[in-house]
Every structure is written in structure tokens, then in C-alpha cells.
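Trainee: Protein sequences, first through last, are from chains G and A. In terms of the working numbering, the numbers along the first sequence are unbroken and rise by one, the last being 634. In terms of the working numbering, the numbers along the second sequence are unbroken and rise by one, the last being 540.
Hints in this document: simulated from the structure, not taken from any laboratory. There's no promise every hint is true.
List time: in silico DSS-like cross-link candidates among lysine-lysine, alpha-carbon distance up to 27 Å [as the list claims (entries may be wrong)]:
{"no.": "1", "chain 1": "G", "residue 1": "K33", "chain 2": "A", "residue 2": "K401"}
{"no.": "2", "chain 1": "G", "residue 1": "K115", "chain 2": "G", "residue 2": "K70"}
{"no.": "3", "chain 1": "A", "residue 1": "K202", "chain 2": "G", "residue 2": "K33"}
{"no.": "4", "chain 1": "A", "residue 1": "K202", "chain 2": "G", "residue 2": "K167"}
{"no.": "5", "chain 1": "A", "residue 1": "K498", "chain 2": "G", "residue 2": "K115"}
{"no.": "6", "chain 1": "A", "residue 1": "K401", "chain 2": "G", "residue 2": "K29"}
{"no.": "7", "chain 1": "G", "residue 1": "K29", "chain 2": "A", "residue 2": "K413"}
{"no.": "8", "chain 1": "A", "residue 1": "K154", "chain 2": "G", "residue 2": "K613"}
{"no.": "9", "chain 1": "G", "residue 1": "K458", "chain 2": "G", "residue 2": "K528"}
{"no.": "10", "chain 1": "G", "residue 1": "K575", "chain 2": "A", "residue 2": "K496"}
{"no.": "11", "chain 1": "G", "residue 1": "K167", "chain 2": "A", "residue 2": "K413"}
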Amino acid sequence: MEFHYTIWIVTLPFLAFLINGLGSGKLPGKISGWVATIAIGISTFLSYQTAFQYFSSPSRDKIIAFKTTWLRFNDTLQIDMGVLLDPISVMMLVVITTVSLMVFIYSQGYMKNESGYDRYYAFLSLFSFSMLGLVVATNLFQMYMFWELVGVSSYLLIGFYYDKPSAVAASKKAFIVTRFADLGFLIGILMVSFYTGTFDFEILTNPEGLTFSAAASFMGLSTITWALLLIFMGGAGKSAMFPLHIWLPDAMEGPTPVSALIHAATMVVAGVFLVARLFPLYSVFAPSALEVVAFIGAFTTLFAAIIACTQFDIKRVLAFSTMSQIGYMMLALGVSGYGGEEGLGYTASLFHLFTHAFFKALLFLGAGAIIHAVHSNDIREMGGLRKHQPITHILFLIACLAIAGIPPFAGFFSKDEIIAATFVNHPIYFGIAVLVAGLTAFYMFRLYFIVFWGKEKTYENTPHEASTIMLLPMIVLAVGSMFAGFIPFGHYVSSDGQSLALHINWPVAITSVVIALVGITMAWKFYKTESDSSEKVARAFGNSYKSASNKFYIDEIYILITKGIIFQMISKPLAWFDRNVIDAFMNLLAATTNWVSSQIKEFQSGQVQKYAFIFISGVLIIVLSFIYANQ
Amino acid sequence: MNILISHIAVPTLTTLALMFASTQKQVRTIAAGGMTIQLIQSLVLLYLFLQERAGGNDAAVLFTQSFAWYPSLGISFDIGVDGIAVAMILLTSIVIFTGIFASWEVDKLYKEFFISLIVLATGVYGFFVSLDLFVLFLFFELAVIPMYLLIGIWGSGPKEYAAMKLTLMLMGGSALLVVGILGVYFTSDIEGVRTFNILVLGQHHIPVEMQRIFFPMLFIGFGVIGALFPFHTWSPDGHSSAPTAVSMLHAGVLMKLGGYGCLKVAIFLLPEAAHEMSWIFLVLTGISVIYGALATVVQTDLKYINAYSSVSHCGLVLFAILMLNKTAYTGAVLQMISHGLMTALFFALIGMLYSRTKTRIITEMGGLMKVLPFLSVCYVIGGLASLGLPGLSGFVAEMTIFVGAFEHEDLFHRVATIIAVSSIVVTAVYILRVVGLLLMGPVRNETYHNFPKAKWFEKIATVSLIIGILVIGLTPLWLSDMIRESLGMIVDKLVLK
Numbered sequence: 004m005e006f007h008y009t010i011w012i013v014t015l016p017f018l019a020f021l022i023n024g025l026g027s028g029k030l031p032g033k034i035s036g037w038v039a040t041i042a043i044g045i046s047t048f049l050s051y052q053t054a055f056q057y058f059s060s061p062s063r064d065k066i067i068a069f070k071t072t073w074l075r076f077n078d079t080l081q082i083d084m085g086v087l088l089d090p091i092s093v094m095m096l097v098v099i100t101t102v103s104l105m106v107f108i109y110s111q112g113y114m115k116n117e118s119g120y121d122r123y124y125a126f127l128s129l130f131s132f133s134m135l136g137l138v139v140a141t142n143l144f145q146m147y148m149f150w151e152l153v154g155v156s157s158y159l160l161i162g163f164y165y166d167k168p169s170a171v172a173a174s175k176k177a178f179i180v181t182r183f184a185d186l187g188f189l190i191g192i193l194m195v196s197f198y199t200g201t202f203d204f205e206i207l208t209n210p211e212g213l214t215f216s217a218a219a220s221f222m223g224l225s226t227i228t229w230a231l232l233l234i235f236m237g238g239a240g241k242s243a244m245f246p247l248h249i250w251l252p253d254a255m256e257g258p259t260p261v262s263a264l265i266h267a268a269t270m271v272v273a274g275v276f277l278v279a280r281l282f283p284l285y286s287v288f289a290p291s292a293l294e295v296v297a298f299i300g301a302f303t304t305l306f307a308a309i310i311a312c313t314q315f316d317i318k319r320v321l322a323f324s325t326m327s328q329i330g331y332m333m334l335a336l337g338v339s340g341y342g343g344e345e346g347l348g349y350t351a352s353l354f355h356l357f358t359h360a361f362f363k364a365l366l367f368l369g370a371g372a373i374i375h376a377v378h379s380n381d382i383r384e385m386g387g388l389r390k391h392q393p394i395t396h397i398l399f400l401i402a403c404l405a406i407a408g409i410p411p412f413a414g415f416f417s418k419d420e421i422i423a424a425t426f427v428n429h430p431i432y433f434g435i436a437v438l439v440a441g442l443t444a445f446y447m448f449r450l451y452f453i454v455f456w457g458k459e460k461t462y463e464n465t466p467h468e469a470s471t472i473m474l475l476p477m478i479v480l481a482v483g484s485m486f487a488g489f490i491p492f493g494h495y496v497s498s499d500g501q502s503l504a505l506h507i508n509w510p511v512a513i514t515s516v517v518i519a520l521v522g523i524t525m526a527w528k529f530y531k532t533e534s535d536s537s538e539k540v541a542r543a544f545g546n547s548y549k550s551a552s553n554k555f556y557i558d559e560i561y562i563l564i565t566k567g568i569i570f571q572m573i574s575k576p577l578a579w580f581d582r583n584v585i586d587a588f589m590n591l592l593a594a595t596t597n598w599v600s601s602q603i604k605e606f607q608s609g610q611v612q613k614y615a616f617i618f619i620s621g622v623l624i625i626v627l628s629f630i631y632a633n634q
Numbered sequence: 044m045n046i047l048i049s050h051i052a053v054p055t056l057t058t059l060a061l062m063f064a065s066t067q068k069q070v071r072t073i074a075a076g077g078m079t080i081q082l083i084q085s086l087v088l089l090y091l092f093l094q095e096r097a098g099g100n101d102a103a104v105l106f107t108q109s110f111a112w113y114p115s116l117g118i119s120f121d122i123g124v125d126g127i128a129v130a131m132i133l134l135t136s137i138v139i140f141t142g143i144f145a146s147w148e149v150d151k152l153y154k155e156f157f158i159s160l161i162v163l164a165t166g167v168y169g170f171f172v173s174l175d176l177f178v179l180f181l182f183f184e185l186a187v188i189p190m191y192l193l194i195g196i197w198g199s200g201p202k203e204y205a206a207m208k209l210t211l212m213l214m215g216g217s218a219l220l221v222v223g224i225l226g227v228y229f230t231s232d233i234e235g236v237r238t239f240n241i242l243v244l245g246q247h248h249i250p251v252e253m254q255r256i257f258f259p260m261l262f263i264g265f266g267v268i269g270a271l272f273p274f275h276t277w278s279p280d281g282h283s284s285a286p287t288a289v290s291m292l293h294a295g296v297l298m299k300l301g302g303y304g305c306l307k308v309a310i311f312l313l314p315e316a317a318h319e320m321s322w323i324f325l326v327l328t329g330i331s332v333i334y335g336a337l338a339t340v341v342q343t344d345l346k347y348i349n350a351y352s353s354v355s356h357c358g359l360v361l362f363a364i365l366m367l368n369k370t371a372y373t374g375a376v377l378q379m380i381s382h383g384l385m386t387a388l389f390f391a392l393i394g395m396l397y398s399r400t401k402t403r404i405i406t407e408m409g410g411l412m413k414v415l416p417f418l419s420v421c422y423v424i425g426g427l428a429s430l431g432l433p434g435l436s437g438f439v440a441e442m443t444i445f446v447g448a449f450e451h452e453d454l455f456h457r458v459a460t461i462i463a464v465s466s467i468v469v470t471a472v473y474i475l476r477v478v479g480l481l482l483m484g485p486v487r488n489e490t491y492h493n494f495p496k497a498k499w500f501e502k503i504a505t506v507s508l509i510i511g512i513l514v515i516g517l518t519p520l521w522l523s524d525m526i527r528e529s530l531g532m533i534v535d536k537l538v539l540k
């Protein structure tokens, strides 16, 4: 089988980036949008072709479609650039190109009247290129490189409205927080390469072929566990896992289609992909690291779901929902074993990643259509929109049903597998997973009822239905949200490459659906018509409601660390120390030299009498001391 | 004619021609023409060098030539280059070329300005091609002295103070160098023949107890100009007072003489002492890296920001050199080149912005992206290179250093590496702070809308540097291989001990 063409999947968006970037401001009309869209369109076509070709063969081996040496460190370590095809990377190619294409098309309507249209498409293409490069990476270092590029494209897009101070602050925060996480990733890579002598995924993910030289340990955990924990730290940063999640809600400052693509469907799941990519390593060599993954995932999913119930910004609700859903995926990976039925969590996690991409992107694009119509992000200023935006309403409802896990929508199937995976021997995680399923249904339908039902608000301009070019991509994604669950996912993606038959675990499924329905009913009761019952509940919870709506004050801790500690308590004193101690010492040296020379310059006064006096006194002293010494 | 000699001849002839120029136009044309020729011949040198290597010529240095000066003392004008020197020469040519365009609008004593600038560059070229320690030191001083005049006359702010401070501190380093070089010269005496030739000295063994005395002298002597903590304080003052092109050349090239000297003189000739003492200097350079980065975070003057971040980045060069292995050395040289290009870009841009806003304090500016899109985008690219974004030169250099340093068998060195790696976060903090305050946000002042757009010579300067950053960032293999192949000599000596 020939897969050489797959290199074009990655390079085409890069070419679009170059054209739009270099031609910024010079390209006529809307040509930049079309260049980018056509490029990603061809990539999408090629990705489907790849998926078809790859999955139609029974083998699930890793295929190196392309590889070239990019930088050589020493005789064994080098960075290659290449394309690695295996079930998860092919699956990700499909997800990324599909959502990208939809967002690219949608943006032609959404960004129509914005200045910086070509800049927008340049950054968007850069993002798609980086994300595609990330998933097809053949080695850890290539992945790290594209990881950083993804981070910077996210930075550029969050700060797209760069004259808005809040957008600038949000972009900065996103970059610095993820950069801090990437520090862990980088140190982890260095440690892995030190002990294994390779960056290559082919070797690293083959548990039989791998041995660790010098299996030293530190604080009770083996070095490889530490290394994998540090790598997970990188993943947790990108995937907005607690406590590195603080950048994601603020990242909603970017244009809404960007949030759909980057902060919902693709980039934020990179952490899940990273753990899945190195899953054999985690599972075989560092099960304790995997426990941490499960714990962080479970905590985040619950934490974010609670916050999501209290937010009033439509995009922030969706952002916290994204966090919660990614926590789900992490949880599933964390409880998974390697191979066979044990590997259910692995398959479930990636299955959820796959279905989540459709309905979460749809939710964001729907939110974009609403924001476009209402000119506000605040759901308290929305209500009764089903009359004004009937199509958006239906599409949004589909996405809500999908994420709430109502059969037969896509979310039901993947979520069911996750809950089933925790059901086996993790009762606490099972409890959390079921609870979060209920919360998810509640906050999503809270949003839905407030926005589309509720009381009609007075709008400045009557809200209008989105244009066709915005609706089309949403319809495509809605079709995905409805039917993606029927794909026999376990047949294609499993932890060990063997086909895994997924079947619905009925007791689990019925529990989760019932819980979801309870959530929906509660939302319906509280929010369908404007009533004060929601206020009452909020008041009943009192302080805990307040702290949840303030996101449990994690942001304040971030401010304290960056502003209070690093800026005020370390950097300022250091800068002072440099000027007033080290530099002052240098100045003191100079001053001393000056002083000494001014003291001794009298010796060279030019007066012969003085010279003679000193000379004779010196001779006398020497002579006397000799006489004295010889006595 | 030998291409290395012509590398010294072209700037010398340019200087001579400048003496006879009268109008500003003539001065500009001659300076720009001379340095364009210089840049072209540096590219030719690179091409010829790669051709020779591809043809199987694996001599330690190529294009050698030797003229006896003082045979009785063993001083001779020996020149030749290896891959490292070729790379550094090319860096110098790019920086001086762009420096000429960045100082296009100098109108005070313009003739003398360009003459001093090019004399300075001549010294740098001489330093890189020399194989004789005496000649090397001679050119080193030739590069440092014009700096005094350039800052003292054309500088800004407390320029006399800054010029004096910079010169005196570098002279202090030179004093140590003289003693160190003479020490090497006198202790390596074999069969009554004395020589300053580095290659010959390298074949001789210097007694370890002598190495212990002279290694710190040479390392600190070169380290002063490489901004080794705590001898770095000339850098903020010197850079902030210096005119644009001088800052570019100084931070871009002169600071690299330090790293280059440490590697090719101190470590190469005194390997045992380097092994023994590396940990002391590792602590100092580790401090440079983190301390420089943290001190940058609170600076408000653009030039101070760049000066302190240079302390951090150049600290990384010396840090890598002390790791004493091939990968780290490669990273050190890559970092010298990468930092040279991006710091020159920064200083050039700072000069261009200053000529419009008349201030360098970032809190007094804002929203420049809207009014000066070209220069702002260049600044962002420089910033991204500085914080190590893949695809730009900084990433290649830093990653090579980190991977190389982490290869070290001692746990101490690996822990030090982890601490140094954490500087990448601090770097991101200060770069984004500057970008956020300076370029983004609403336009600070209505008069900003009247700023002239980027002029053609400004575009030449910035674009040339960005091309350099991109070429290294996107296709680093040829450069890193060229550097690696030249390190065999130094590494072999370390292993032999």
C-alpha cells in the first residue's frame, strides 16, 4: 500500500498559510478564505482516502508513510519529520480535517465583515497544519514541535482582536499556562530519551522491544514514571485539566469559530491523544502514572461540570463543558488496561473524542450563530430564539441531545462505553461518571431552555437566522452527531490493534440515560419559563454556589503566583539586586581605583626636593634596618 | 587571493575608501557596497567550505595561510577556518550588513561613525580566522576599542559613563586573557620551541597544575564579554546607551567572541582543568540563565529588556560549553548564531521604533501593531524566535543544548539542565509581556497615526535577519552537521586526558 500522498494532507494547509501570510493585505477580496478552504478541502478528501485505504486492510500496524531527518543530535538521537499512520492518527486526521473544513466554510460567513480576514485565515491554516503535523508525528520530538506550533496558533487566534485588552490578556494567559505545562513535557521527553536512547514512537510504543537502562527511582517512583507524569503534565496543560485549566474559559475571547475548532474539537484533545499515543508505555511501565491520569480526569470532569451549571456566558458554559468531557476521556484512559477487553477504556476514550468533536463543534458553531444574531454572549439577554432561528434551534437541540447521551445520538454510545469501563472495578469513578452524565444533561438543557425558550427579550435588531454558508457546515456536523455513534469503533481503534467488539452494557446504559433524563427534566422545570426557582436553588446552596460561579477562585491563585510571587517577590528584588549590589560593586571597584590613585598621585608631584627627600629617607631606612638586622 | 584574507581586506579597503568620501550619500553607498560584497563573499566561503568537505577534505581547518611575524617568539599570522568559524563569519557578515542599513539615517559625524563600525567588524573577522593566540588577541582588542568611541560619541543617555564602564570591564577581562594566553604559551614548551599557534598548542599537553591556574583566567576573561554572571553588568548600561547598529553588532557578534574563545581556547587547550572546574562555572552560568530571564520580566526599557534577555541567552551558550560534549557544543554554537540574529533584529527594531516614538519605555507605548504593522510583525517573529518557537532558529539551538546537556552522565549536570530548561517559561512571560504592552491593545496616542511606514532600508535590515532566522529554523541539518564535524578535535582532546 502506498501512502506517500499523506504528506500533502499536512503540507497543503501550510502552503495556504504561506500564501495568506505573505500576501496579507494584498490579496483581493475574499480570495484568502477560498485559498485556505480549498487547501483544507483537499486535505479532507485525502484524509478520507487514507482512512478508507488504511481501515479497509485488516492490519493495524504502524505505517511510516514518509520520513526525513530534520536535525541530528548525536549518533542515536535525532529528530525526524515524518508521517506515521496508525489507527489513532488516521482517526485524528479525519476528525481534524472534517471539523477544520466545516469551520473554514462557516467562517466565510461569520467573519465576513471583519478586518484582518486574510490574517484570520492565515492563522487558521497555520493551526490546521500544526495540528495535523502533531497527530502524524513519528517521534516525540516532532510531536513536541507541532505541539508548540499549535500553542502559538492558539495564542494568535485568541488574541485575534488584538486591540481588545481582555483578548490580549487571555491570549497571554493561554500561552504562558500551556508553556508551563510544556516545560514538564520537554523534561519528560529528555528523561525518556536519556533512558531509552530514542524518541521514536515505533520503538517506544512497542512494549516487548523496550528496556530501560538504569531503572533508577526517585521518591519511591521509578524515573520512567516521573518522566511519564511530566509528559502528562504537558497533556494536562493543553487539555485544560485541573489545575492547568484556567486558560480555557478565558480563551473564549477569540472568534467563536476558533473556539469551535481549537478549544472544543481538536487542540484541547491533544493531551488525550498524547496519552493514547504513549499508552503502551503508561500501561506497561508506569501504571501508577495512569492512576494519576484517571484521578485528574475524574476530578476535572466533576469540577468543570459543577462550574458549567453556574455560568451565564454561553461560550464559557461550553468551555467548561469541554473541560468536563475531556476529563471523561482522560478518566477512561486512566482506568484502561492494555489489550483485549481490558482495553475498553482506551477505545471508549478515543470513541468519545471522535463523537465529541462533532457535537461540541456544532454547539460552538450554533453559539456563534446565536451570538451573531443577538450581539451578546450573555444568556440572560437571550430568550425565545426558537422563533427567530428555527434551523439553528433544531441543530442546537440535536447537539444537546448528543452530548447529554440520549440514544440514538452519538454521545450515547461513546459515553456508555466510558461509564462501562469505569463500572468494572472503579466504583467511585463510576459514581462520578454517572453523576457527571446527569450534570451534563442539566447544564446543557439549562442553556438550551434559557436561550431558545424562556421569555422573549427585547432585542435591538430582531435576531435573524444564520446565512446558508454558516448553516451548511452545522448541518453536516449535526448529521455526524446523529450517526457517528453507529460506527463500529472498536473494530478500528483498540489498545493493542486487535478488533474489540463494543456492545451496549444495558444496566449501565439505562442508568445513565435515566440520570440524563432527570437532568433534562430539572433544567426544563427551572428554566423553560422564567421562574425564580433557579434563584432559590442558587440561594439554598449559598456559598458553594458563589464559589462555583467564581470558578472556585483558581484564577485568583494564578494571579497571585504570577503577579504576586514571580513579578513582585522574585523579579523585582532580583532586578534591584542586580543594579544595587552587583553593579554597585563594579562601580565601587572603579571608585576605589580612583580614590587610591588620587591618594598616591602626590608621590609624583614633580618637585625634585621631595623626590630627594623620599629617596634619602628610603636609603636611610634600608641602611638602618640592615645594620639593625646584622647586630 | 585567499578568501580569508579578503575577508579582512574588504572591510579594510572599505574603511580606506570611506576616508575619501565626502557626502553622506557617498558614505552610505561605500559602506553598504563594501558590506554587501563582504556578505556575498561570506556566502561564497560557506559554499567553498561545504564543497571541500563534501569532496572529502577532512583537515581540521581549511583555507590555511601562514606568514611569520616574529619567528623568534613563535608569533605568526596563521589563519584558517573550521565549520564553527565559517558559521560565525557568516553571522558577522549578516549582522554588519544589516547594521549598515539600520544606521542609514545617522547624520552626526556619519563618516567617522561608519569607519569605526567597520573597523570594529574587521576586528571580529580577524578574531574568527586567527589560529594564532597572539593575533587572535590583537584582533580581539581591535574589536573592543572602537566600541568606546562609538558609544561615547554617538550614544544616548549617560553615554560617557556607559562607554567607560563597558570598556573598563572588557579590559579587565582582557588583562586576564593576556596572563592566561602567556601562561599557556610558557607552559606548553616542548623541545625548546615556543608557539602561539592553537593547533600546535593543542597537540601538546599542559601540566594539570598549570591548567588549574590558567583555565579560570581564560574562561573568565572570555566570559566577561560573554556576559558571565557576575561580570555582566556592562551589558544593560552599554547596550542601552549604544546607538542601534552598535548594539546590534555588540550583542549580535561581540558577545559571541566570549563563547567562541571559551570553547576554542579555554576548553580546547586546558581540558583537564575544564573537567575539574566545570561545576563552578556551571553554577555561575546557570545563575546567568535564570537570573537574566527573571530580571528581564520587570524591565520597562526595551533596550534593558533585550540586554537582560541576552544575559540569559548568552548564559546558555556558556552553560552548554561547560557540558563538555559534542551535542552541547553544537548547541552552544547554534545558540550563538541564533541569538546573534535575533538580538540584532531586536536592536534594529528598537532603533526603528525609537526613531518614531522617541521613547523606549514600553508602558508609554501601545497599539503599535495597528500603526506599524510591518515592524510589529517583525518584532513578533523575533519574539517567537526568542522564546524558542519551532520553525525559528531559537528552538533548534535550545533543544540541541538541552538534549546535549541532558546526556551528561552526572546527575548534578542533569539537574542543572532541568533548572536551565525552566527558563523557557520565564522567556515566554517577558516576551509576551512586551508584545502585549508594546504592540497590542488600543493605539496609545493619536499622533501615532502619522508615523511613517517602514522604509526600504529598514525592510532590508529586518528581512535579511528574519531570513537567517527562518533558514536555520526550518532546515537546521546542514548547519548543525557542519558544526558537529568541526568539533572532533576539541572532543577528542577531552576524551584523551
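Trainee: Determine for every hint whether it applies to the structure shown.
Mentor: Hint by hint, here is what the structure shows:
Between K33/G and K401/A, the direct Cα distance comes to roughly 38 Å. Violation of the 27 Å bound is thereby established for this hinted pair. A threshold of 27 Å between alpha carbons decides the hint, and for K115/G with K70/G the separation of about 39 Å lies outside it, so the pair is violated. Restraint check for K202/A and K33/G: the C-alpha separation of about 52 Å exceeds 27 Å, so the hint is violated. About 39 Å separates the Cα atoms of K202/A and K167/G, which puts this hinted pair outside 27 Å; it is violated.
Taking the CA atoms of K498/A and K115/G, the gap is near 32 Å; set against the 27 Å cutoff, the hint is violated. For a cut-off of 27 Å, the pair hint linking K401/A to K29/G is broken: about 30 Å separates their Cα positions. Between K29/G and K413/A, the direct Cα distance comes to roughly 16 Å. Compliance with the 27 Å bound is thereby established for this hinted pair. In summary, the hint linking K154/A to K613/G is not supported, as the alpha carbons are separated by about 49 Å, beyond the 27 Å threshold.
Distance restraint check for K458/G and K528/G: the Cα-Cα separation of roughly 14 Å lies within the 27 Å cut-off, and the hinted pair is therefore satisfied. This hinted pair does not check out: K575/G and K496/A have alpha carbons roughly 36 Å apart, beyond 27 Å. Proximity of K167/G to K413/A is assessed by CA-CA distance (about 12 Å); at most 27 Å being required, the pair is judged to hold.
Violated hints, listed in ascending order, are 1, 2, 3, 4, 5, 6, 8, 10; each of the other numbered hints is respected by the structure.
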